[in-house]
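Chains as they are written, first to last, in numbering that gives the first Met the number 0: chain E, 0 to 360; chain B, 0 to 183.
Think of the hints as simulated: they come from the structure by calculation, not from any bench.
Take a look, some chain E residues computed to stay more than 10 Å from chain B by CB distance:
no., residue
1, Thr25
2, Thr36
3, Thr175
4, Asp187
5, Ile199
6, Gly247
Think about it this way: if two alpha-carbon atoms lie no more than 35 Å apart in a straight line, the pair counts; the simulated DSBU-like pairs of lysine-lysine are:
no., chain 1, residue 1, chain 2, residue 2
7, B, Lys79, E, Lys52
8, B, Lys79, E, Lys28
9, B, Lys183, E, Lys181
10, B, Lys162, E, Lys52
11, E, Lys52, B, Lys82
12, E, Lys28, E, Lys271
13, B, Lys183, B, Lys79
14, B, Lys183, E, Lys52
In this text the structure is predicted, and so the values were computed from the model without any measurement. Glycine residues also receive a C-beta, built at the ideal position from the N, C-alpha and C atoms.
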Amino acid sequence: MKNYILLFFTLLRFIAKAQIFTEPITASKSFLGQFGTATLEIDDAGNDSFITKPLIVAEGFDSGLLSKENEFGENDITRFNTTVLNSNSFDLNSFLTGNTELIFGDQDYDIIYINWDNPRDFLQRNAFVLEQVITWVNQQKAIAGSTEQNVVLGQSMGGVLARYALANMEQDNDPTTNHDTKLYISHDAPHLGANIPIGIQFMARHLADQFVSTPLGDFSFEIADDSEASIKDINGIFNEPATQQLLGNYITPSFGLDNAVHNTWQTELQSKGYPTQTRNIALSNGNHCANPQDFSHSASLFQMNGKARSGLLTDMLGAFLGKTDDIAMAIAFNEPALLLGFLPGSSKFNLDFNAKALPPA
Amino acid sequence: MKNYITYLFIAIAFLACDNDDDNAGNPLDLLPPITTTGENTIGCLVNGEAFTDSGLMNNFYQFVDGNYFLAINMNFNNGKLSKNLRIQFRRLEIDENQTYTLDKNDLDDGDFTGAKGQYTYSEDFSQGGLQFDTNMEFIGQVIFTKLDTNANIMSGTFEFQAKEITSGEIITITNGRFDLTFTK
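Produce the entire structure from the sequences given, and follow the hints as far as they go.
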């Protein structure tokens, strides 16, 4: 008997070498006159062309700086699978990967991974895209004759979008937009806003002024795995709608602290509340043993004075941030890692940078 | 005199040539040194080619439901080429300077007690790729030269052979070394 089971699984491995399907989605509701869009990557359980047991994954903030070769940006179903395999959990892998990273369809759940076409767009606009994704999935389930309810996993910013979308679908009194979801998982989502130390934001703005808008010009630098970004790119990220909505303390291009956009969003989110027809669970990354950050209030996050070669600042940022890598960069929206590697080559000039942590509130 | 100078330059030009343009030096030189101070470095040779990561991947040694689970994960991904190496222990408490065998995999052994080695490689994820797993025949070993659960540092060396789950191709991982901080 055991041999038959083994033979079955061996055959399954051969048969199951299928592909990831993609599906474009356009929101049916507009925000400020525009309809958001997304591209789904679908790992179809059983490769039966039916969606019967969906896990909908709402991806997080994507800076757009890394993995430019990848059409879906920094986060996609590849990296999702990779991190699940990294978990060393047999059960989780049986549910989500079938314990294979590169063979598709051998897992328990149909994975519907949402890549926002404009990941830094207004949060409401992408939340409306998510509503349409859920509606589309429910239509697919109906075609397949499945009555299984959805699981919605929102990672980082995606957790906030999922909360908004699910709650909104319950509150809009539209019987055609029933979310039919049993479980909402908020994974390290910034429900109260995200944080990039304002000293780091000031520095980004300052560098943009020093280089991009002067005869010195912009310059590019390698950030990870052959991806390049420029100061202008990074400065641009700070100007995008989702960044302004998410950052609890936002520094404007004119060096002012302006939290109006965030406050407006936060007020709307809080009045929206949470979905009430789902089981809601939340996970928070970070240290769960009540260990504080390894720097205190007002401590210098980094400083550099006098004559130096520019590479030294990069080294110092590296030391401060830890040796960053693509994954760390990609998921670290609320870390200053976006600024790593700011200064090129080894040109010599005078520096006086000093970014400090905020004093206690 | 002028001729001598010409000859000299020609001679230098030849001296400067390397007749093996493909030889990028010893791949071992591309690996991080073996350390035990939590430098967050990891590296090994995959069929003789160097593979390293920053070492800030998701590494942990956790006590869950009465058992210890450990994972060392290294990754490279530039949006096209993707490589992962995983060493994962389940239900084993780790002692320093003891040798542990990597001979399990999830497909054959399910939720095993023991340890596995795994290497995956894909040039285009959407088209699939290769997954090499250790098994009873193609095995390996890990030695933890340091496991400091106060400073959260684990250091050691590893090597293993693994078999591709579909084609049966064999891959050989040698000269592995890690010096990582981990989460509990």
